[in-house]
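Engineer: Chain by chain, the residues run as shown.
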Amino acid sequence: MSAETSAATGTGPGTAAGGRLAARGLTLAYESRTVVEDLDLVVPDGRVTVIVGPNACGKSTTLRALGRLLKPVRGAVLLDGEELAKLPTKRIARSIGLLPQTPVAPEAITVADLVARGRQPHQAWWKQWSEEDERAVTEAMARTDVAGLADRSVDELSGGQRQRVWIAMALAQETDLLLLDEPTTYLDIAHQVEVLDLVRRLNRARGRTVVLVLHDLNQAARYADHLIAMKAGRVVAQGAPSEIVTEAMVRDVFGLPSVVVPDPVTGSPLVVPGAPWEES
Amino acid sequence: MSAPVKDAPVASAAPAVKGPGARPAGYGLLRFGPASFLVHRRSVLAAAVLLLLLAAVSVAYLCVGEKTFSPGEVLTVLTGGDSPAAFVVEELREPRLVTALAVGAAFGIAGALIQTVARNPLASPDIIGVSQGAGAVTVAAMTFGLASYTVLPYLSVAGGVLAAALVHAFAWRGGLHATRFVLIGIGIAIALRSLITLFMTKGDYLVAQQAQIWMTGSLNGRGWEESAPVRWTLLLMLPAVLWAARAQRTVSLDDATATALGVRLGRVRLGLVAVGVVLASVATGVAGPVDFVALLAPQIARRVTRTAQIPLLCSALLGALVVVAADLIGRRLFSPVELPVGVLTAAVGAPYLIWLIVRSRTGGKA
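Chains as they are written, first to last, in our numbering: chain A, 65 to 344; chain B, 2 to 367.
Hints are computed from structural coordinates only; laboratory data are not their basis. None of these values were measured; they are calculated from a predicted model. Treat each hint with caution, since some may be false.
What the hints assert, rightly or not - Lysine to any residue pairs mimicking SDA-like chemistry, simulated, CA-CA at most 20 Å apart:
1) A/K191 - B/W244
2) A/K154 - B/V269
3) A/K150 - B/V269
4) A/K154 - B/A246
5) A/K191 - B/V40
6) A/K154 - B/R247
7) A/K135 - B/D255
8) A/K154 - A/A188
9) A/K191 - B/V269
10) A/K154 - B/G272
11) A/K191 - B/R42
12) A/K154 - B/D255
13) A/K154 - B/G267
14) A/K191 - B/F38
15) A/K191 - B/A26
16) A/K191 - B/G34
Only chain A is shown next, with the shape it has when bound in the complex:
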């Protein structure tokens, strides 16, 4: 475990050059409200990229656009140099998996049934189940440690178990790229760590490219190879956490005075709010 994490936070790649997934001049809006403007980024292959930023900075919106859930107003998301909006959605689904912030399972669905639905992009109406599907689902459930829950109803699982089931579904899709939108929301700290460790293992074991949106800057710094800090719809800083997480960046992005110290366990930057609590 410690070898894994130190590898992550040691000499991570700087601003990466090679990436199958990239955004160019991306402008995103909900109706007439522009949320992200003229954004450029490259998702480095085989790395864990984490997008952080204050509330409403456009980080989730950006992730949704990377997963073609949101059509850009201007600019484009590129997958292998091709515009996402012009690719058949099923083809995209064989390359990019995405787990939304609050996925909703149909009532009374079993774990194995839900995970099996991740195979959708590899199936056809007349080809509903193959040995390949069987293998992918079994592997996904083993990797996320939910095989023992296979016949249970998703409704009756704990938050942490449920999140692992959803990740298993996204894994069963067997995509090189995996986008996760705040996968730790609503989880207690132990389950947060469990999920993030799982994500790291997936990345290390398979060289899968992972993009996460996280709320917690310290978790982001601890788990990211490549960190992207956003503010008001723009990228303010990106690079290895050890290079970009500084007191100046935290003040600039979050408006918070802080002290940045090394994480006593991993050595990654740890942000501690700078001013002591005061009675007003």
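Fit chain B to the known structure of chain A by using the hints.
Structural biologist: Relative to the frame of chain A, chain B by itself:
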């Protein structure tokens, strides 16, 4: 069902990757060469039981009436034997039975599809304005003396599709929000209902009474000719329904997840709703808006089969069962006075609706 339903995971899969429950629990696998189909076992069992029930109720339907025959006599007639019961069974009861079966199945499937898309059990065609749209056009035609029973179904489809388009237009906001869709549907349904009342007051007394009975949902006097549109529509829609059964698997997930799985959600939903609206409208045109069948059948079917999405085949069978049973009781309960079938389905449906709502308040998801 000629191919064997395999129980164990695919035998040839390497044991190393064979794990517990890799195939969704409760599903069997049918293979035909390169083609493979997942079959929900409990649904197959439920369908078999429902078919038996349906056969029994259908025979009872043919037996019971002003003149009652024994099942033996009815079976003789059905198998082409000579019997004094032949005229009553074949000419009077059988056409009406077939109409009831077809109308019930159509409502069952329509309800299942529209409820799936809206992710809300309230979103059945008789609640969100489809039946009322079909009704408004039909009653208008009746009032102005333009309609015969053979033309009504086509007018109904026009009305139903129009109402659905209207609901869609108002509910659409860069996407389809389920609650918004249902609420606007209910609004449109109320508006159309008052339009129907307006037409009825404009027409003469006899037509208004006829329209009133039709609006309750009645199978009285429906024969082969009258039921042809709904039978043909069911047959023509069969491929679409088979497609829909598969599409439901992903549409029943949330929008983002379904899209991420490569589903063209907008198109798929439109397709599912279109099939549902056409089926509901045609059935409404033939028998009037038989209340609550489209709402009830899919919800009961889902509870019976315990599937994660609403099962189409069982919804169709349950729809047929409810309509046939309701009509059988309606014909006999206050004999010789006949109750329109819609009165009975409403009498069962209304309490069920209340139960659904109460249950959803107390924490269970509806």
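Engineer: Taking the earlier hints as the rules, which of them does this structure contradict?
Structural biologist: none
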